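**Student:** The residues making up each chain are set out below.
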Amino acid sequence: MSADDLIAAYVVELARRLGPSSRSRELLAEAEDHLREATAAGEAEGCSPEEAAVRAIARFGGAWEAAGLLGGGRQARQTSRRGLALLVGAFCVGLGALAGWGSHVHWSAAASTSAGATRRAALPASVVRTLTANHDPVPAGRTVALSRTATANGDTSVLAAFTRQGRVCQVTYFARPGSLARDPAYGFPGVDCQAAGRYDFRRFLPLSGGSALRGAFLLSGLVPQETTSVVVIDSSGGAHRVDVGSEPAVATTPRSKPFLVDVARVVGRRQGVAAVQLLRDGQVIGTMSYCCGG
Amino acid sequence: MRSQQLKGHLDLLVLTALRGRPAHGYLVLDRLSRWSQGEFTLPEATVYAALHRLERAGLLESRAVEHAGRQRRVYRLTAGGEQALAGERRQWERFAAGMQRTLEAAG
Numbered sequence: 001m002s003a004d005d006l007i008a009a010y011v012v013e014l015a016r017r018l019g020p021s022s023r024s025r026e027l028l029a030e031a032e033d034h035l036r037e038a039t040a041a042g043e044a045e046g047c048s049p050e051e052a053a054v055r056a057i058a059r060f061g062g063a064w065e066a067a068g069l070l071g072g073g074r075q076a077r078q079t080s081r082r083g084l085a086l087l088v089g090a091f092c093v094g095l096g097a098l099a100g101w102g103s104h105v106h107w108s109a110a111a112s113t114s115a116g117a118t119r120r121a122a123l124p125a126s127v128v129r130t131l132t133a134n135h136d137p138v139p140a141g142r143t144v145a146l147s148r149t150a151t152a153n154g155d156t157s158v159l160a161a162f163t164r165q166g167r168v169c170q171v172t173y174f175a176r177p178g179s180l181a182r183d184p185a186y187g188f189p190g191v192d193c194q195a196a197g198r199y200d201f202r203r204f205l206p207l208s209g210g211s212a213l214r215g216a217f218l219l220s221g222l223v224p225q226e227t228t229s230v231v232v233i234d235s236s237g238g239a240h241r242v243d244v245g246s247e248p249a250v251a252t253t254p255r256s257k258p259f260l261v262d263v264a265r266v267v268g269r270r271q272g273v274a275a276v277q278l279l280r281d282g283q284v285i286g287t288m289s290y291c292c293g294g
Numbered sequence: 001m002r003s004q005q006l007k008g009h010l011d012l013l014v015l016t017a018l019r020g021r022p023a024h025g026y027l028v029l030d031r032l033s034r035w036s037q038g039e040f041t042l043p044e045a046t047v048y049a050a051l052h053r054l055e056r057a058g059l060l061e062s063r064a065v066e067h068a069g070r071q072r073r074v075y076r077l078t079a080g081g082e083q084a085l086a087g088e089r090r091q092w093e094r095f096a097a098g099m100q101r102t103l104e105a106a107g
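Chains as they are written, first to last, in my numbering: chain D, 1 to 294; chain E, 1 to 107.
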């Protein structure tokens, strides 16, 4: 996820919490201006654009907190589970960017509704562009925990993880219209990418000790093309590997760990084995290895 | 300094940062950080909330300017803001002097 996307995603979340009004539009423009200036300052100090953006957002404060401080409406004071999950998801997207994984935020079907149109009208132009460029609908009753772009088989697809009642209920692949993934020579065999090939986790993956998802990433390019592995980190730091086959039936292999994890990153691949570092507070506290088929 | 301690003095700090020098929110924060040599750090949205509150109170006025294709809001003190700053500053100086004397007396 680029610095621009990170800032736009934050402003979208802030907009959601402020609610539509002319006052909100001014606040959002001011917040966006601040974040872009702070990001530029971070870059001048030697940070990568993404790292600078994540830091700028962190210093500005969480969207729910900022909305409350800036005079947000009812939504600003609601710390619902859904809001928390979104917040954690957005945070993890930022962490993912720091770990070098490109990310991509999807927004709900509201973007195409009249309510969504009202909301868009109050958003800065850059945010509107983000919304309109990412219009994949969120399944009803589910919360987007995060989404992430990943390159596999020479093409870029989007992984989106959804939660419902504190459990990961679905991980979905979205192939961009016109992407190479629609070509069988480059795509995922058995997957109709043109129809936005979707893998449903028929069995819920329980999230131990919490209601949110901390992170997820693809072990793309690791396993045979008919299988994709996803590592999911839950809010208590449990790390789970989930193998997604080409058929809707999915093998799930939770591997909970008794320690907290803030972020995980793939640090190396060789002969079908990936080494994954698990980090907490910037310190590597463990490693996990993943092997194709295992 | 803890943010809770700073919040009681936030208006004075923001007014001071804008005294004679109109600025946008980021620059206000930058001035507070530099002038305090990094001592004053707050959740940045808190400073924006203070700017808005002071503007509603008539102590600041703002105008939107175009900067790098974005709308930027620049704040400046009003005459009322100048008076309020002077009053707040006198109060702070009395408070600080009293605190200093108290601490010295206690050894």
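Check each hint, because a few of them may be wrong.
Here are a few chain D residues that sit away from chain E, every Cβ distance over 12 Å (derived from the structure) [what the hints assert, rightly or not]:
id	residue
1	S2
2	C47
3	S48
4	P49
Cβ-Cβ distance ranges computed for the label pairs, FRET-style [said to hold, decoys possible]:
id	chain 1	residue 1	chain 2	residue 2	range
5	D	P49	E	R101	45 to 53 Å
6	D	S48	E	R19	31 to 39 Å
7	E	G87	D	A58	33 to 41 Å
8	D	G46	E	G98	20 to 28 Å
9	E	E82	D	P49	18 to 26 Å
10	E	P22	D	A58	22 to 30 Å
11	E	E66	D	A44	15 to 23 Å
12	E	G69	D	S48	31 to 39 Å
13	E	T41	D	S48	21 to 29 Å
14	D	A41	E	E66	18 to 26 Å
15	D	S48	E	L103	25 to 33 Å
Just so you know, the hints here were simulated from the structure itself, not pulled from any lab data. Everything numeric in this text was worked out from a predicted model, so none of it was measured. Just so it is clear, CB atoms sit at the ideal spot from N, CA and C, and this is done for glycine as well.
**Student:** None of the hints should be skipped; say for each whether it holds.
**Tutor:** Comparing the hints with the structure gives:
At roughly 17 Å, the least C-beta separation between S2/D and chain E is larger than 12 Å, which holds for a residue marked as non-interface. At the 12 Å boundary, the C-beta of C47/D stays outside the reach of chain E, the nearest C-beta of that chain being 16 Å off. The claim that S48/D lies off the interface holds: its Cβ sits roughly 20 Å from the closest Cβ of chain E, which is beyond the 12 Å cut-off. Listed as a non-interface residue, P49/D keeps its Cβ farther than 12 Å from every Cβ of chain E; the least gap is roughly 15 Å.
Taking 45 to 53 Å as the suggested C-beta distance range, the pair P49/D and R101/E conforms, at roughly 51 Å. At roughly 36 Å, the beta-carbon separation of S48/D and R19/E lies within the given 31 to 39 Å, and the hint holds. A hinted range of 33 to 41 Å holds for the C-beta pair G87/E and A58/D, which are about 35 Å apart. Checked against the hint of 20 to 28 Å, the pair G46/D and G98/E fails, with Cβ atoms roughly 44 Å apart.
Range check, E82/E to P49/D: Cβ separation about 40 Å, and the 18 to 26 Å hint is violated. Taken as a hint, the range 22 to 30 Å holds for the pair P22/E and A58/D, whose Cβ atoms sit roughly 28 Å apart. Roughly 22 Å separates the CB atoms of E66/E and A44/D, a value that falls within the hinted 15 to 23 Å. A beta carbon spacing of about 23 Å between G69/E and S48/D contradicts the range 31 to 39 Å that was offered as a hint.
Separated by about 22 Å at the C-beta atoms, T41/E and S48/D satisfy the suggested range of 21 to 29 Å. The given range of 18 to 26 Å is respected by A41/D and E66/E, whose C-beta atoms sit roughly 20 Å from each other. Checked against the given bound of 25 to 33 Å, the beta carbons of S48/D and L103/E, roughly 46 Å apart, lie outside it.
Going through the hint list in order, the structure does not satisfy hints 8, 9, 12, 15.
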